[in-house]
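Chains A and B supply the protein sequences, listed in that same order. Throughout the first sequence, residue numbering follows UniProt numbering, covering 1 to 479 in sequence. Throughout the second sequence, residue numbering follows UniProt numbering, covering 1 to 479 in sequence.
No wet-lab data here; the hints were simulated from the structure. Please note that the accuracy of each hint is not assured.
Pairs count within a copy or across copies, as identical chains cannot be separated in the list.
Said to hold, decoys possible - When the alpha-carbon atoms are kept at most 30 Å apart in a straight line, the in silico BS3-like pairs for lysine-lysine are as follows:
(1) K418 to K104
(2) K289 to K104
(3) K293 to K200
(4) K419 to K104
(5) K71 to K365
(6) K475 to K5
(7) K377 to K361
Number of protein chains: 2
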Amino acid sequence: MTRTKIASLLSQYELGQEVLVKGWVRSFRNNQFIQLNDGSTIKNIQAVIEFENWNENELKRITTGAALAIKGTVVESTGAGQAIEIQVKELDILGDANPEEVAKTVMQPKRHSLEYLREQAHLRFRTNVFGAVFRIRHAVSYAIHQFFNDRGFYYLHTPIITGSDAEGAGEMFRVSTLDPKNPPLNEQGEIDWSEDFFGKQVNLTVSGQLEAELGALALGQVYTFGPTFRAENSNTARHLAEFWMIEPEVAFNDLEDNMNLTEEFLKHICNYVLTNCKDDLEFLNEREKNEQKQKPQNERNELTLAERLEFVVANSFERITYTKAIELLQDSKPFKKKQFKYPVEWGTDLQSEHERYLVEKHFKKPVIITDYPASFKAFYMRQNEDGKTVAAMDVLFPGIGEIVGGSQREERLDVLKKKCADFNIPEEEIWWYLDTRRFGSVPHSGFGLGFERMVMFVTGMTNIRDVIPFPRTPKNCEF
Amino acid sequence: MTRTKIASLLSQYELGQEVLVKGWVRSFRNNQFIQLNDGSTIKNIQAVIEFENWNENELKRITTGAALAIKGTVVESTGAGQAIEIQVKELDILGDANPEEVAKTVMQPKRHSLEYLREQAHLRFRTNVFGAVFRIRHAVSYAIHQFFNDRGFYYLHTPIITGSDAEGAGEMFRVSTLDPKNPPLNEQGEIDWSEDFFGKQVNLTVSGQLEAELGALALGQVYTFGPTFRAENSNTARHLAEFWMIEPEVAFNDLEDNMNLTEEFLKHICNYVLTNCKDDLEFLNEREKNEQKQKPQNERNELTLAERLEFVVANSFERITYTKAIELLQDSKPFKKKQFKYPVEWGTDLQSEHERYLVEKHFKKPVIITDYPASFKAFYMRQNEDGKTVAAMDVLFPGIGEIVGGSQREERLDVLKKKCADFNIPEEEIWWYLDTRRFGSVPHSGFGLGFERMVMFVTGMTNIRDVIPFPRTPKNCEF
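For reference, chain A alone in the conformation it holds in the complex (with noise of 0.2 Å):
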């Protein structure tokens, strides 16, 4: 008999009909009713055994976390918030699971602090939150393939060891194979790098744009999805040492473009999500609601999570330039009244306290803010006609902020070799980046997205560690 997964069982059936299922006990009550959970939905199914019928050492080995094979009938369900039910009919013990021994894991059915669940990386997805957040995460990453194919891009797999710094885009972690005690050293005394796997010190990436820009250029539409790293010392709940970004470039596409592109992509994967994964943002969502129950009434959040991502799907993000925004901002009573602790004036970079306003108070919907001062931005952003700004974007969202940063890229050769000096960039470390605009060169356009960012913004976790399976931050590199 073949097994049949749960999610399928609920979504179809026939009263009558026998069935194989397999999964983990989630509770077992009054020597009758199992909560069976296999993982494909966060409902489980209910198994009712008729305890006169089985052998009593057999059902105290039915507890929390136990694996079981049960064989039965599918019938109505007298109890509420489930249709149907199975009759047991066989029942395998699969695994046991000592009671004693789970009363100290995160499968203790109880409520568990997110610190707690988190130490115990490996079990949490066998609890209701993380399995949802990790069936959303699986959702998300499909979404984004799938918005990608079926709009002719390339998925391109960007190095993840390399050679090349110029991104700029924070502290590298160091990837060698030399003795750490006694490197070898050259003639200068310097470690003779030359004799390192590579033959040359490299580091672990923090971007595939550069990359990505030489695939684009040539296959047209591309986008990377992998892992990039960054070896700052941050131990906040926004940031990891090593998480998942999405960066897609196109040729021909100019900063209008690319706001167009960005807008459908978010949207797309708000949509995906509410339509594909109902039971786990359900749970969410609720989950959410009571958590807002212990927040003073002015830190709650104005929409329910399921809201944000219908919100985000109904509503056209507002488009300013940084200039309008510091108009804006200097405008505004918080200004006026002086509660933004961070200065407003044109030239300094905007804040938090800021993009909060535009996003939450003013606009009340997705902001993508333009044309940032050049001095903010890294180097291979297209210069303005004005000669102070680029043609960069971010894109803010409510309750998250920068969810998405891009431009329009550089793409005449005079230009980004002034910007290369500028920036101290020695045009030989970038030969290749410099040589796509030697041959051919057209205006092209590309964005980059921090997937666990995503990943928060549409399960409503607040801590970045609890949407990634295993994290990586400082002094924790466990599992």
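Based on the hints, put chain B in the right spot on chain A.
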């Protein structure tokens, strides 16, 4: 006017319609015929200009590699090999390409060696061969995500930086931010790894399998698709230091389920490429045919590239045990004529010559060999009743050898602990892995596919460096 991609135009057009296309010049003949490519397909669109109406200086700038925007009318083509062409009305040169400089690159339209193309990996995307390879690489990626998503698997991002090396799959790259020349030492004079970023010594992952098992034993079915690393000094056409791997893991699956899944999976990929990559496949098929003509008759492939894909789709994979394989080999002509270089007896590992005999001569189709002697295989493979063999499986493909390796996993805690001891794996290193056998352990199985090996198979490329955008190999980490 919106740009039309060349792939769209060629698949759907109306004669007389006005279009805007943008792309790069592949060739310009008789001051009249421009072959333009935009990466959306291997096919070019021919754009025809009446040179009498064009400025001579502009004509001179229409050179191989230059980027153009062309507006014109779609008309029937009188030339061979194309149904339509564009009568040019407006032409913008978006980016020049100096012919003398282009002549020094792989864009020069002539036959280049693959070695030379590799040195210009940043420009080889613009050639027909590599355009085709990387479009197909994308298609294979997408086919994989689609296969698993359609079957209710969840994509699990297992960690890249890891403190565990229990998998024992090979030499690892060290990741560190310590001062490489003067690392901090502890009282014993050894490097004080507690001072490093993660507070301990960490490496780049060689496999996500152990973590994937954690996911599968809660979510039911998961798969990984991420980069993996080997710091091995293997300068061969089949090895990379950085490559991508797919590792599905399924709770409740035994070895037979695992074989069924693998076979269905590999057939799906081949079928997807046959269906979705017709033009690119046809090009690579012709390319291989021409290559084959240069070879002596007895070294040529029996089947063309396309035939090999169809062959995988059409044939059931042969399934035999290692013990049976040894018997077949001992009964074979080459064994009796002492033509095998390596010995054939129970307890020695199968060599490439043996695998090729079984796949290419004896069965003439893909072969799955199962139940290898335990000593050849990793600690986590399930011990068979005979006490000598494990529930392992290797899938062998014609021309390429082992493409998939997998097994049913050892789910019995006592057996697994004994295996850890046998393999010198300290239990405290993988307490989290052992935990899954403590709490509702169930039979489960999985396998690993080297992504680049699969891309080699479906493109016919014979060097693994030619199927990944920027290969990382010993002493080579460019771009």
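Against the structure, the hints come out as follows:
no., hint, result
1, K418 to K104, "between (61 Å within a copy, 25 Å between copies)"
2, K289 to K104, "within (28 Å within a copy, 64 Å between copies)"
3, K293 to K200, "neither (56 Å within a copy, 41 Å between copies)"
4, K419 to K104, "between (58 Å within a copy, 26 Å between copies)"
5, K71 to K365, "neither (51 Å within a copy, 39 Å between copies)"
6, K475 to K5, "neither (40 Å within a copy, 49 Å between copies)"
7, K377 to K361, "within (26 Å within a copy, 61 Å between copies)"
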